[in-house]
Amino acid sequence: MANVQGVAAQVNEAVAGRIGAGLRVASQGPPDTLRLVVAPEKLRSATEELLRLRARFLITVGIDTRPLTADYRVLYLFSLDAEHLFVVLECAADPDDPHVDSITSLVPGANWAERECRDAVGVTPDGHPDPRRLLLADDWPEGLFPLRRDFPYDYRPPAAGGVAPVPKQPPEGASVLPIGPFFPVLEEPSYWRLFVEGETVVGCDYRGFYNHRGIEKLGESVLTYNEIPYLAERICGICGFIHSTAYCQAVEKAAGIEVPRRARYIRSIMLELERVHSHLLWLGIAGHILGFDTVLMQTWRMREPVMWLAEEISGNRKTYGMNTIGGLRRDLPAAVVPKVLKVVDEVERESVAVRDAIVGDTTLLARTKNVGVLTGEWARQVCVVGPPARASGVPIDARLDHPYAAYDEVPPRLCTQQAGDTWSRLLVRVEELLDSIRQVREGLARLPDGEVLVEVVDEIPRDRIGISVVEAPRGEAVHFVMTGGDNRPYRWRVRAPTYPNLQAMPAMIDHAAIADFPITLGSLDPCFSCTERVEAIDVRTRTRRVYSHKELLAMSRDLTRRGGRR
Amino acid sequence: MTTAPLLALALALVNVAVALLLSPLAEGVMRKLKAIVHSRQGPPLTQPYLDLLKLLGKEDLRTTGGLPYALAPALSLGSVLLLATLVPLGAAPPLGFAGDLIVLIYVAATSAVALILTAFASGSPYAAIGGSREMMMLLSVEPVLAVALVVGAVKAGTLSVGGILAWNAEHGPTISMAIAAVALFLALQAQAGKLPFDIPEADQEIMGGPLIEQSGPRLALFRWALWAKQLIFALLLVQVFVPWPHLGIVPLDVVLTLVKALLVLVLVGVIDAVNPRLRIEQAMGYYMRVALSALAGLAFAVIGM
Amino acid sequence: MLTAKLREALICFRAGRVTLPYPFAPHDPAPGFRGKITLDPDRCFGCGGCANVCPAGVIQVRDAGQLLRVLEFQWRRCTYCGRCEEVCPEQAITMSQQFETATDRGDDMVMRLEVFMGPCQRCGRCYTPLTPLDRMDRTGFRTSDGGRS
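Protein chains in written order, with the numbering used here: chain A, 4 to 569; chain B, 1092 to 1396; chain C, 53 to 201.
If you are wondering where the hints come from, they were derived from the structure by calculation, not from laboratory data.
All C-beta atoms, glycine included, are put in the ideal place defined by N, C-alpha and C.
Treat the hints with care, as some may be off.
Said to hold, decoys possible - Covered by chain C, per the in silico footprint, the following chain A stretches (three or more residues, Cβ under 8 Å):
(1) 140-146
(2) 232-239
(3) 299-313
(4) 357-365
What the hints assert, rightly or not - Below, computed lysine-lysine pairings styled on PhoX-like, alpha-carbon distance capped at 20 Å:
(5) A/Lys321 - A/Lys342
(6) B/Lys1123 - B/Lys1351
(7) A/Lys372 - C/Lys57
(8) A/Lys321 - C/Lys88
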């Protein structure tokens, strides 16, 4: 703890040294969060200073704080992983004509985040290389920003006529292969427009956010603090517990609520069980994408006992409904513990058998080795998280960087690979799966007695912020909460792991075969439901023209020429 | 009318009947086998018959006009049935003649050509990719078929399939014929459109490939043609390269042949269940290596082994 | 390569066929499964606690007259979270084990509960007691054997 304070002081000093009077306010919200309010014209300098300190960009949060501060606020969340610190750069925007400077040229991974901020709250990023619509549909009226306080959550805009999305045109000699919005291997709608020459992909365009449900708006307007976990766990179809845990932790941090130790252990155990069945599901999907349906059937057979176990523990296979502010609604009865151990023993035995069988399968290796390569350098530039990052050698894991639940007492093992191809991502997930089983065993062995819920008697104080990151099976999920009055948050921001990971796709499929596109996308383990509860869509691009191979290369070389960012 | 042509015609009809009526059953067995490997129940053995009945009763939708497009499914199935009459079920093909080996190789390619034409006429980008993949597979696999049969021709000293069968039944197993048999078996995996070589029909990558725009009776005929083709090729493999034991009693021999063909298809099904799909260039590379190995068999044949 | 395939085949064959015969044979969920909400009209006294906590806003409470309180459950939007069961002081609403709730009639997914309310002895109108405890003081607490004290 003292270490974090020291680091926070150092960061404060460094930024102050860089921008002097531009640093208006520095405060520490929760102990691990440093909040720096900077002058708008000093935003880019402050960002540069943080990048020099090796901070990793997480997400932006655009907040309509006109009732509180008579302006808009844009918060840029960074993480200093090794030092276990969050740094928030806050800057104000004029209430009548909100603009901020764009930081995308410094942090390519901020591309989508800034456009989302513009679509949702209406704060325009100046100098953004591609200020197109990201989140909102093409026929959404201009000038209507859903996350503004005066925008009713159930407003239905009038139907627009004669509006169509403007697709990019393919480069000379290439033809268009549309993948989606409905396609056999995409579980959720997303539109990839591949530009192909024969069987080689030479560029792509992306349109997503067909699944946008306005969850953040609901959380701020209709639901109360304790009702939001039920919405949060429905953000994703597989990893519901991650989102409800992250939300509850964010509020608990903001309000200073101390969760009982037993509840933290049980949260860890349920999170790891979720990781086990999610990775087995992914293994099946990867097999299915490759046409290897036997892997699909067998791995999904293996994960079924975990689903039955979840049903017995929580009352439902997937939406556990266990989390609430202050701990858990349900305890883990002692009678269920031997059943859990039996199930994970069997899953472990079968997973090891599957792993030993597929490492020698040359046909499988032929389809996954050197396919969809993501370099460590590019992974850091676009802020990729989770197994895709670890498979490219980037050693980040939210359970180790910002320990939560019981991970400080039962830490995971960091599983990394170096090659960055689909096979590496498969190996990382299999290793993580086996390590999760170890953590479940250890967690159950050391499960402390006591309460699982601390009753929150006082009203949660308003205008506090809390950031919680949780390592979902797909990567790091970020929840940001700013508490409000009226028993609900003022702002709730969710960034799912697939959000930055999708931005890495164009580089991964550049000059790949069409046949490799589905498995490359699948190896990111994309969860479009998670990604799209916010508003944003966009293809990672810096120009409005076609994503040609030349352009992608040019972008990549351009960034390298600037000396990289880390 | 002499009896010989009438008999030949009757036997040809028997072959056609076997190809039409027994091939869905063979496909049903393969589906059931795949389900067992998948640890699930799977459809009943008669499911392919039910599929055909259902599809034949549906509306005939066409994406484009023109006589070739309209006749393509019938052409596909018809060519496979013609192939059936050139493949021996008993001692010799019903419509066999000297030199029918060459005709067999050409007819074998015709149903694939019909599929390719349909694919490019469909107007869907997925079908176009599927069509070009089908072309590349055809160009890779036909040489293997040709070389394997030529090995038999060289050994038997005749270009008629019936002659090769007779020679092989008499002379027993030889190295060159064994190599040719293995090569033909590997080619069968692609001819049957089974993993790892179901690349043209890759469901997950190109939404079904050439057949994406086909439905109803057209789809029924294309599917039937594929099933018949896999059974005919299995029959060709076992008759020409593994004609033992030869009992001499025609009905028993026919039953034995069918059982052997079914076993071959079961093996094809097992390989199908335990493999992912290869990319087209990987498959082409693979079949080039198989063709070269088959040429080794030809070398053995030439030197008399 | 061949050993890998053989290992894979072995995993498959060792597992056998796992298809459950459902729906031709029943399949009960685990105990504690949160299924369709079930109402016990004798126990409900119209406090509206369930309506207060339902995240999906499924429950609507209104007075239909002097003596009648109506609770309407539009449970097509129910998310089976179980908060209503948690909050109800009389265990009038519980999560059953039912999960076969598909229907093609929207009317099947509405439940209506009419609660007869006690009238005020002075003005004769229905009143909500100050607290549920006040009400129970009048009607008596429910004992474990189902009767009232």
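To see whether the hints hold, each was checked on the structure:
1. 140-146: violated (count 0)
2. 232-239: holds (count 3)
3. 299-313: holds (count 4)
4. 357-365: holds (count 8)
5. A/Lys321 - A/Lys342: holds (18 Å)
6. B/Lys1123 - B/Lys1351: Within the cut-off at roughly 18 Å; holds.
7. A/Lys372 - C/Lys57: Measuring from Cα to Cα gives roughly 18 Å; hence the hint holds.
8. A/Lys321 - C/Lys88: Holds. Lysine 321 of chain A to lysine 88 of chain C sits at ~16 Å (cutoff 20 Å).
Checked against the numbered hints above, the structure violates only hint 1.
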